[in-house]
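With the hints as extra help, turn the sequences into a complete structure.
Those protein sequences? They're chains A and B, same order as listed.
Note that numbering that gives the first Met the number 0 has the first sequence beginning at 0, numbered continuously upward.
Note that numbering that gives the first Met the number 0 has the second sequence beginning at 0, numbered continuously upward.
Accuracy of the hints is not assured; some may be wrong.
Keeping only pairs whose Cα atoms sit at most 20 Å apart, straight-line, the calculated EDC-like set for lysine to aspartate or glutamate is [unchecked claim]:
| hint | chain 1 | residue 1 | chain 2 | residue 2 |
| --- | --- | --- | --- | --- |
| 1 | B | Lys35 | A | Asp63 |
| 2 | B | Lys65 | A | Asp63 |
| 3 | B | Lys89 | B | Glu31 |
| 4 | A | Lys54 | A | Glu75 |
| 5 | A | Lys65 | B | Glu75 |
No lab work stands behind these hints: they were computed from the structure.
Note that this is a predicted model, so its numbers are computed, not measured.
Number of protein chains: 2
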Amino acid sequence: MSDDNVIYIGNKPVMSYVLAVVTQFNTGLSDEVLIKARGRAISRAVDTAEVVRNKFMRGLDVKDIKIGTEQLVGGEGDKINVSSLEITLKAKA
Amino acid sequence: MSDDNVIYIGNKPVMSYVLAVVTQFNTGLSDEVLIKARGRAISRAVDTAEVVRNKFMRGLDVKDIKIGTEQLVGGEGDKINVSSLEITLKAKA
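If you want it as structure tokens, here you go:
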């Protein structure tokens with residue numbers, strides 16, 4: 000999967016990311032979109048996937064969900080662990 | 000899986016839920032624990048699973064992760080959709 004198919008969730012409203020995912024499916028070359036988030040944005044990633052699936056594109060499966068921990072380096076060189084979530088949505092065959 | 004093996008994530012600090020999960024594995028009758036969260040607590044559920052796996056009990060697999068939408072009824076009878084997340088942790092055989 001190329002980087003084009005990855006939507007990174009940040010602090011914008013959920014609908015911004017819903018639009019990004021729907022656009023990606025409609026214009027992209029892949030039948031999969033990967034939604035990625037870290038920290039507090041994780042709940043927004045789940046919101047995004049659920050709104051896309053329930054309101055906009057019913058023909059999608061949740062292909063995979065992964066959780067993990069990433070290590071960030073803070074301003075003073077200290078290391079911070081932050082949780083991550085990846086949701087792969089795939090168009091039904 | 001009985002209700003005993005379900006840890007519901009709320010607004011307490013992550014370590015409260017980490018302790019609950021570890022205790023459940025150590026005293027429970029099952030080799031699985033289900034971590035459930037809704038809305039903004041979802042990111043805390045991922046934190047809980049990751050801290051348990053990385054710091055306390057390395058012999059755990061993430062058996063399953065599910066996302067969903069639940070409908071809550073608000074104070075004035077209006078319906079609110081809220082995202083949910085379930086993480087199943089299982090002791091390695």
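For each hint given before, does the structure comply? Return the numbers of the non-compliant ones in rising order. 4, 5
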